[in-house]
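Using the sequences provided together with the hints, build the complete structure.
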Amino acid sequence: METKYLLKMDNISKEYFGNKVLKNVQLHVAPGEIHALMGENGAGKSTLMNILFGMPVIHNTGGFEGTIQFDGQTVNIDSPQKAMELGIGMVHQEFMLIPGFTVTENVKLGREITTPTIASGVFGKSLEKLDRPAMASDARKALDTIGLNIPETDTVGGMPVGYMQFIEIAREIDKTGMKLLIFDEPTAVLTESEAQKLLETMQVLTSKGISIIFITHRIDEVIQVANSMTVLRDGTFVQHVETKGTTAAEIAEMMVGRKVEKLVDDAGKDTRTISDDDILLRLKDFHVDMPGEKVRGVDLDIRRGEILGIGGLAGQGKVGIPNGILGLYKSTGTVKFEGEVIETEKLGAALKKHIAFVSEDRRGVGLLLEESIENNITFTAMQIDGKFLKNYGPLKLFDSKKAREHALDMIKQLDIRCTGPEQYAGRLSGGNQQKVCLARAITMEPKLLIVSEPTRGIDIGAKKLVLELLAKMNREEGMTIIMVSSELNELRSLCDRIAIVSDGQLTGIFAPDASDAEYGMAMSGVKGGNK
Amino acid sequence: MTKEKFKKALDVIGIPRLIVFCFLLAIVIVAYVNGIDVKSYLTSTMKYWGMWVILVLAMIPTIKCGIGPNYGVSLGIVAGLLGPLLSIQFNIAPAVNAVLPGFGPWAAMFFAMIVSGVLAWLVGIVYGKILNLVKGSEMTVTTYIGYSVIYLMCIVWFRAPFSSGEITWPLGGVGVRNSVSMETSFGGLLNDVLSFSIFGVEIPTGLILFCLLICFVVYLFFRTKTGLAIQATGANPTFARASGIDVDKMRVKGVALSTLLGALGIVIYTQGFGYLQAYTAPLQMGFICVASVLIGGATMNKATIMNVIIGTFLYQGLVIFTPPVSNQLLAGTDISDTMRQIIQNGVILYALVKSKGGSSNE
Amino acid sequence: MNKLLNSLKKAIFDNKVIALFVVLCVACMAIAETSVSYIAAEVFSRFSRNACLVLSLIIPCLAGLGMNFGIVVGAIAAQISIFFVVHFGFTGLGGFMLCVLISTPLAIFFGWLVGKLYNNTKGAEMIAGLILGFFAAGLYRLFVLYILGGVIPFDDPNLLPRGFGLRNAYDLTGSLKYALDDISFLNVCVVIGIIAIVAAVVTSAYAKKKGQTVDKNGAMKKVVIGAAALVFGIVGRFIPMVNLLFGSSRLILTDVALFGGLALIVYAVIKILLSLKKGEKKLGKLIAMAVAGVLLMAGTVIPAVREIYQAVQLPSAAYGVIVLFCFFNNWIMETRLGQNMRTVGQNRGVATSAGINVDKTRIIATCISTVLAAWGQLIFLQNLGTFNTVQQQDNVGLYSIAAILVGGATVQKATNRHAVIGVILFHTLFVVAPLAATKIVGDSAISEYIRMFISYGVIAVSLALHAWKTVAKKDDKKANAE
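Chains as they are written, first to last, in my numbering: chain A, 1 to 531; chain B, 532 to 893; chain C, 894 to 1375.
The hints are simulated quantities; they were obtained by calculation from the structure and are not laboratory data.
All values derive from a computational prediction rather than experimental measurement.
Keep in mind that a hint or two might mislead.
Quick look at which bits of chain B chain C covers, simulated, 3 or more residues with Cβ under 8 Å [to be verified]: (1) 666-679; (2) 686-696; (3) 838-844.
Just so it is clear, CB atoms sit at the ideal spot from N, CA and C, and this is done for glycine as well.
Right, dumping it as structure tokens:
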């Protein structure tokens, strides 16, 4: 017998500019249950939810394939309004609240209760007068439902984050006919006790017949409240399981595990000698204040000649580490390079020590999109080391000839597919852009190369080339590399050791062949193995 | 397909530039057909090009460092007025002439340039620091700072303690008069150097060469380490930071350079015009410079020296050719100021819409 | 005592802009040594001219568009309507109403265009509005100087002495001058009374028809006030004493102070008694009201103040319209549309996700502002009685915006209070600063520079401070984000 589902999404596929982010995914949610949607970043959770919510970003990029059934009816959700009419609500990760408004105004935002006026008779409903007492009583009711005891007349600005989350929820449940609520990582910004209260509230809501889709990566929370769950990985559907009869380790494995594919041919000779005594970079109690990627006290040693991987879920702080070392965000703690302290508060201090960095934000930080490949490759080395400058009398001017020679050399070495060194970097494909970034880093003749998300958003062929290039530089030229990546598989195929970061702290350093479950647990914040 | 190509080409050229160019062409043709002395107007176009091009060039550094066209170039202009005034006040030209005949005007001009330049550089540094505090609203703030400083200086000019009879009010004995003649200092100095006439069009060779020289120096500057760093700052500030560049410092340098060029520009302008006009004369200059560089093909975040050279020519051509033609068509009227107002502001509006505004509250 | 000092400190700090300008005004007055009654008369008449234009800035500001420099376009709509009305020979109040009728659709159309432009330049509305003002003024000049009569046949030797191109200055004496100001106070009362009663009755009836609860209390209040005004307006003219005091179109401030003060005291006392009966304790405001009433009345017997009172004449209809504008601004903010505007003004992303059509809301806000500005310019011109056909609109945006900023408004928040205080302070300074400067320098030529410097300086400082705060906040937010 088939279970009756409130929501059935079947065979959902979605492409962004030729990049398949969802492949035949399904999601089934029963009435009145909490259903967890799990997966690593980039697994396709948010895309799936955007489809369900009819977000313009989906429909502006060519729509999606597959069917959605809601309450037994096949529906076509082409706008958020449509989703709301059906009774689907979303509690956003970023608060959709207006600080200057009162709780009531926020709860009733866009759905104010009004009474007619003469003007509204002529010019339409928008000139109806607000019925503030009625709005207040509605808001009160919604707040009471979720057990939030704050005056509805207070202004939202300045309230603790936890309250804001609850006000968001109050707004959703105030909508009439709410059947399905989506919670997008609601506990990420909450303290432990607030999170606990939220989980209880979720259970209260389901007892009133509302279904909940709970997006999270915290396995313990899922086990605590979810009835069932769907796990996604790399845009594909892994499994729909009942929470009963599964364990945390199994869930972790489902999220992380994948068929092992060889990304790098290990043909090259490995002549490196890595010693625990020869430390190139040492981080001590390292904190980085990078929005969305905070690092909260990391101790880490990088040995000369190794490739160290740093993995973990997005938003957990792994990206903050290189950005902090390079001085792009404020950091505290000590960074020692070859025994000397790097003053990270001085922009460019790390660069001067020949630490090169390839940023995870290729288009935002890594490139001058409207400049030539040549300028992109030579820029940093010129600014830091004064390369590619030539004396003309008292003036030191840019030496185009030398820069051109070097650019051509790099294009050949890294096989950058372009029309020539004068082509704008913005016109290249993602893989070639990444190679330009690498070329810029190599031009600095680095002693330590830090690459952050080197394969993000590039196709599989280019991915392989980039990884092989990194392997070659490490194995043949002995360059020490720190590689930060969300793709565990990639780290495992290349690195000597892999450090996992969760909630801004190290949860373990593993050998590449450690088990999936070990990695999964570490990524969801359970401190464990150390090699 | 061809339609798309056409559309793309139109996008590259830009509708306003096309309109301005066609408009100018039509006016020149109408002028020629109606027997207006095109050559003499061409002569003044050349002269006015030289007078304006450095002022327009002042837009380049701020656009390149990411601030956008410097509406507040009037700060540099106001600072730049002091140099010529002081050179008259101190009687530099006659004094030097007495020792080295013929060198007086040159000494006066270079004195004016150095005084104006140094002052403008200092003003520019302060101004750049202010602009770093108001990132995202530079255009609005620069416009109003520019305006208020001009009026503040009006009050200052009115009672400034000058004593040279050529500067002060004829009756008052202090202040700066409405228009001060540059006759005894360096009026027309550059214009007359090596000037010659070809097909009845006079070419102010000295002026043009000097302007091109300044353009070349600015070009060279943008190939130095600092110049390239300024450009990277404008193109992508986070990229610049990741290459170890202090973005705020580069912006200050860009603004200071722009202000300096504004000051040099007004010195050149004054020598070409033959009179120095303080008070509200600089009020519209900022807008004219912005419009000129935009007509030349620049956008709010990209500009080249070629844009400056072409844009200044088109704009000045327009301003100079319209009055005689309009007078011919509608006797006794001068539509040129109205046309200038429409075209100048239309071009700026178009560029604003194209650049899709600035910051947002989203 | 310390607490009082602290709250005083806070009050001054919160109103630092206002405080600064009060000090400036007083200093200038002291230097200028001009009679206060002259300044008062001048400021009150400037207030009646300018207040409506300034009030038109509030709605777009709350909708997140910043200071709407585009009100110049509304002024242009008003001026165009005047040409046609004058050309066809309409005069007096009828002519004025015709101007309103013609300028309104024009202003809506212009406002729609301006709104479109603003939607395409989000985040740079203010600079776009400023440039747009120049651009529109250019087109307007092209229209009135060359197209009108040059291309479009328009035969009016009075307006276009050369056959084309409007004359430079035009005198509205005998046509529209004082068209509004000349309405007597009693008639204003009648009109207000009728409006109040009709509004109350129709709203209640409409609500009843729609089956919604009728706000009986509010409706009764409106009817009572309306009836009182109506009765006063009609009966008043047959009572010689009342007719003498209130029958004219311009009220002497002395009378207003006397009766206004009395009304305030009576109102406050009744309220206080009612509250005491109910046992409420919060009477501070009411007591202050009564004291203000007493002070107002006391002024009429103090010779120095009485002299000032006597010098000031208030055109009752213009002040009536100003009050209506204020009511309108408040009312619209209490509607769904107003709430949407505030939401859009605070955060466009949140507004979109709440299902609000952001672009449309912004366009509506711009249209309303443009229409109000057009009416404001009509009021301005009928009071001034003469206008410079080509340049009259040029400084409308500048002066209005400078005024509201002086009143304590910011780019993101403006209220009726800011507008009213701002107009008073700004125009006081406008009157006294040149006088003071002339006194110091001994030359009156400087006064125009001073006025312009004040206007531009106020805007520059205010915009810079706002931008600075925004940047600081952004950095702060970045640092706090998790």
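Evaluated hints:
no.	hint	verdict
1	666-679	holds (count 11)
2	686-696	holds (count 3)
3	838-844	violated (count 0)
The structure does not agree with numbered hint 3 stated previously, though it agrees with all others.
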